[in-house]
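Visitor: Join these two chains into a complex; the hints should help.
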Amino acid sequence: MSAWSQTADTAGAVLVFLGAATSLLGVIGMLRLRDVLSRSHAATKPQTFGILLVLIGVGLRMRSGMDVATLGLVVFFQMMTGPVASHLVARSAYRTGQIDHERLLFDELDEQLTDER
Amino acid sequence: MKSRLTLSYRNKELPPFSCEFGERRHVIDLPLIAWLTLIWVLLWSTLSWANVITGVVVSVAVCLAFPLPKVDLGLRLHPWGILCLVTYLLYDMYTSGIRVTRQIFDRQAHEAAVIGIPLRCRSDLMLAATAVAVSNVPGGSVVEVRRATATVFMHVLDADSPAALDAARRSVWRMEELTVRAFGTREEIARVGQPPPDTPRSGPERGSA
Numbered sequence: 001m002s003a004w005s006q007t008a009d010t011a012g013a014v015l016v017f018l019g020a021a022t023s024l025l026g027v028i029g030m031l032r033l034r035d036v037l038s039r040s041h042a043a044t045k046p047q048t049f050g051i052l053l054v055l056i057g058v059g060l061r062m063r064s065g066m067d068v069a070t071l072g073l074v075v076f077f078q079m080m081t082g083p084v085a086s087h088l089v090a091r092s093a094y095r096t097g098q099i100d101h102e103r104l105l106f107d108e109l110d111e112q113l114t115d116e117r
Numbered sequence: 001m002k003s004r005l006t007l008s009y010r011n012k013e014l015p016p017f018s019c020e021f022g023e024r025r026h027v028i029d030l031p032l033i034a035w036l037t038l039i040w041v042l043l044w045s046t047l048s049w050a051n052v053i054t055g056v057v058v059s060v061a062v063c064l065a066f067p068l069p070k071v072d073l074g075l076r077l078h079p080w081g082i083l084c085l086v087t088y089l090l091y092d093m094y095t096s097g098i099r100v101t102r103q104i105f106d107r108q109a110h111e112a113a114v115i116g117i118p119l120r121c122r123s124d125l126m127l128a129a130t131a132v133a134v135s136n137v138p139g140g141s142v143v144e145v146r147r148a149t150a151t152v153f154m155h156v157l158d159a160d161s162p163a164a165l166d167a168a169r170r171s172v173w174r175m176e177e178l179t180v181r182a183f184g185t186r187e188e189i190a191r192v193g194q195p196p197p198d199t200p201r202s203g204p205e206r207g208s209a
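Chains as they are written, first to last, in full-length UniProt numbering: chain V, 1 to 117; chain S, 1 to 209.
It should be emphasised that the hints constitute simulated quantities derived from the structure, not laboratory data.
Treat the hints loosely; a few may be bogus.
[Unchecked claim] Here are the computed distance ranges between Cβ atoms for each label pair:
#, chain 1, residue 1, chain 2, residue 2, range
1, V, R61, S, T149, 47 to 57 Å
2, V, G97, S, L90, 52 to 62 Å
3, V, V74, S, L77, 15 to 25 Å
4, S, R147, V, F77, 23 to 33 Å
5, V, D9, S, R147, 41 to 51 Å
6, S, I53, V, T7, 19 to 29 Å
7, S, L30, V, M80, 20 to 30 Å
8, S, A61, V, Q78, 25 to 35 Å
9, V, F17, S, T149, 37 to 47 Å
10, V, T7, S, V86, 16 to 26 Å
11, S, L30, V, F17, 18 to 28 Å
12, V, S5, S, D124, 41 to 51 Å
13, S, L68, V, S64, 27 to 37 Å
[Said to hold, decoys possible] Stretch-level coverage of chain S by chain V, calculated; a stretch enters the list once three of its residues show a Cβ under 8 Å from a Cβ in chain V:
#, stretch
14, 41 to 47
15, 92 to 103
16, 111 to 124
The beta-carbon is built from N, C-alpha and C at its ideal position, and this holds for glycine as well.
This is chain S alone, in the form it adopts within the complex (with noise of 0.2 Å):
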């Protein structure tokens, strides 16, 4: 007789850290049930038994009623890597926001551009990842992501040169870099390791023509 409930390193065809029971066979993901608990228990701001039991029993809820597509994010936890992120992050955010005030108050209008930046990570989560990271980037904010072939297309406020395309560009890549190793699968940290993808060349050059 099947037992009511198994868990995944006795079957191998679930997903990692995940269990099923019932007659149904409902796949519940276990790390999502600990990070809504967790949520649940931060909302009620106390750490109570009580809390924690109705947060798994809410959690399991919602996973039943709103089931999620059984998909392998690829979602890897680094710690030393989600450190150096978070770092430069806020490094990160502490320049973009003086640059963009900068910008704000000046006299003599920037001449803005949309650039398209080939990425060199292929996951989706990486992607969606490195869209969200980038928008903290100085003076880029992303107008549309083409799954398809990777690529960032960003509004850069200050395009009247082409260090300024340069830096933006370079950015891009060295946040992917930093989102991968915080979050990737080994695949995708050996493909960010190689030297970023040749852009076709444009800017005002071509554009003045």
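Bound-form chain V, shown alone (with noise of 0.2 Å):
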């Protein structure tokens, strides 16, 4: 095994031990956080991050082009629906009235929900 392979096999575990490690901030930050719209921040962000190291560091261990390409449309795919998710989950989550407003220091959205009544 040749020292390049060594260190991209090496940098790719430790990209996925990071990608992990993030991921695991995403989860406790959505048990530690205390509303809805608060908890899809700490779902989406940390995730999409973390899911994008883990793929660098997997694309590192593989190291063939057409499996590169494949990791490249995953991460595609996660970046385009990740946020649609948690932008549906925080319409929804607004409009059946789930949201604390006394918690929020101040909202333009209502204002504009109230003019069109």
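Guide: Below, the structure written as structure tokens:
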């Protein structure tokens, strides 16, 4: 085994570990934060970054062009669908009154929705 | 006699890069076929003629079975703009990951708020792309997008200070500009080149009354 592939393997392992740790932070955040909107921050951002790190790490260990391209596809769809899912959760939580308005400092959307009625 | 297959450069009524064929004049978007074929080949993880050909057949079948409405999306690809956008997104994901982590472990709770941010672009696709990109902005997550006024409403975790709110607004506008420069038409790019619209000042100073 050449020095280069050993380096890539080690770097890949480190990246996979970092990615898993980042995703774990997201889970801790979901437990610690207090309402749906704050939790959706914790559920989406560290998780997207975590899966990116994991997949880069896997790519460094696989090192074949086609597999790396497939991993790129996974990252692409993750980045396209994650925000949509979190937006839908946030939107439905807002519209069904799961938001504690007392805890929001101010709310510019509420004014607009009130105007419509 | 009309030919069986018409390419868009022969018939100006067709959308660019598409072809029309058959008695019932099915219109097929060629870039869409290429993209679906690429996904098909990647899913099989082997580049071979058999995969490419079955990919083309499957994607044509999918496009015929589930036809999309004939609209010009206004999608243009600018390689340099895409590179800038991807670099900035990666950097932004890194910083937003760190910031959310710090907020998770903060003892004292942060004051959250929902703010509305008017955008400069007007096309549906650019609005959607900006909203997707903005979801990665540090401390912002999109609650609602208003299409008529092109306004994004987002939830900001640390809304304690007016400076943090201004920073959130500026980063959304910056993300909008990068997104449109990567994918937008010329008119949209000209539109985001202008300074951001004035927002009605709202914030803690009014909320405290």
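Visitor: Would you mind marking each hint as holding or not holding in the structure?
Guide: Results for each hint:
1. Distance hint for R61 of chain V and T149 of chain S: a CB-CB separation of about 48 Å, consistent with the stated range 47 to 57 Å.
2. Judged by the Cβ atoms, the range 52 to 62 Å given for G97 of chain V and L90 of chain S is violated: they are separated by roughly 37 Å.
3. Under the hint 15 to 25 Å, the C-beta atoms of V74 of chain V and L77 of chain S, about 21 Å apart, fit the expected range.
4. Distance hint for R147 of chain S and F77 of chain V: a CB-CB separation of about 24 Å, consistent with the stated range 23 to 33 Å.
5. Distance hint check for D9 of chain V and R147 of chain S: the Cβ-Cβ separation is about 49 Å, which falls inside the suggested range of 41 to 51 Å.
6. Between I53 of chain S and T7 of chain V the beta carbons are some 40 Å apart, a value that contradicts the proposed interval 19 to 29 Å.
7. Checked against the given bound of 20 to 30 Å, the beta carbons of L30 of chain S and M80 of chain V, roughly 22 Å apart, stay inside it.
8. Checked against the hint of 25 to 35 Å, the C-beta distance between A61 of chain S and Q78 of chain V comes to roughly 27 Å, which is consistent with it.
9. Between F17 of chain V and T149 of chain S the CB atoms are about 45 Å apart, so this pair conforms to the stated range of 37 to 47 Å.
10. For T7 of chain V and V86 of chain S, the Cβ-Cβ distance of about 25 Å falls inside the hinted range of 16 to 26 Å, so the restraint holds.
11. With their beta carbons about 43 Å apart, L30 of chain S and F17 of chain V fall outside the hinted range of 18 to 28 Å.
12. Between S5 of chain V and D124 of chain S the beta carbon distance is about 47 Å. The supplied range of 41 to 51 Å therefore holds.
13. For the hinted restraint 27 to 37 Å between L68 of chain S and S64 of chain V, the CB-CB distance of approximately 34 Å keeps it satisfied.
14. Counting residues of the stretch 41 to 47 of chain S whose C-beta sits closer than 8 Å to any C-beta of chain V gives 5, which meets the bar of three, so the coverage hint holds.
15. Residue count for the stretch 92 to 103 of chain S with a Cβ under 8 Å from a Cβ of chain V: 7. That meets the three needed, and the coverage hint holds.
16. Closer than 8 Å: that is the beta-carbon criterion, and the stretch 111 to 124 of chain S has 6 residues meeting it against chain V, so the requirement of 3 holds.
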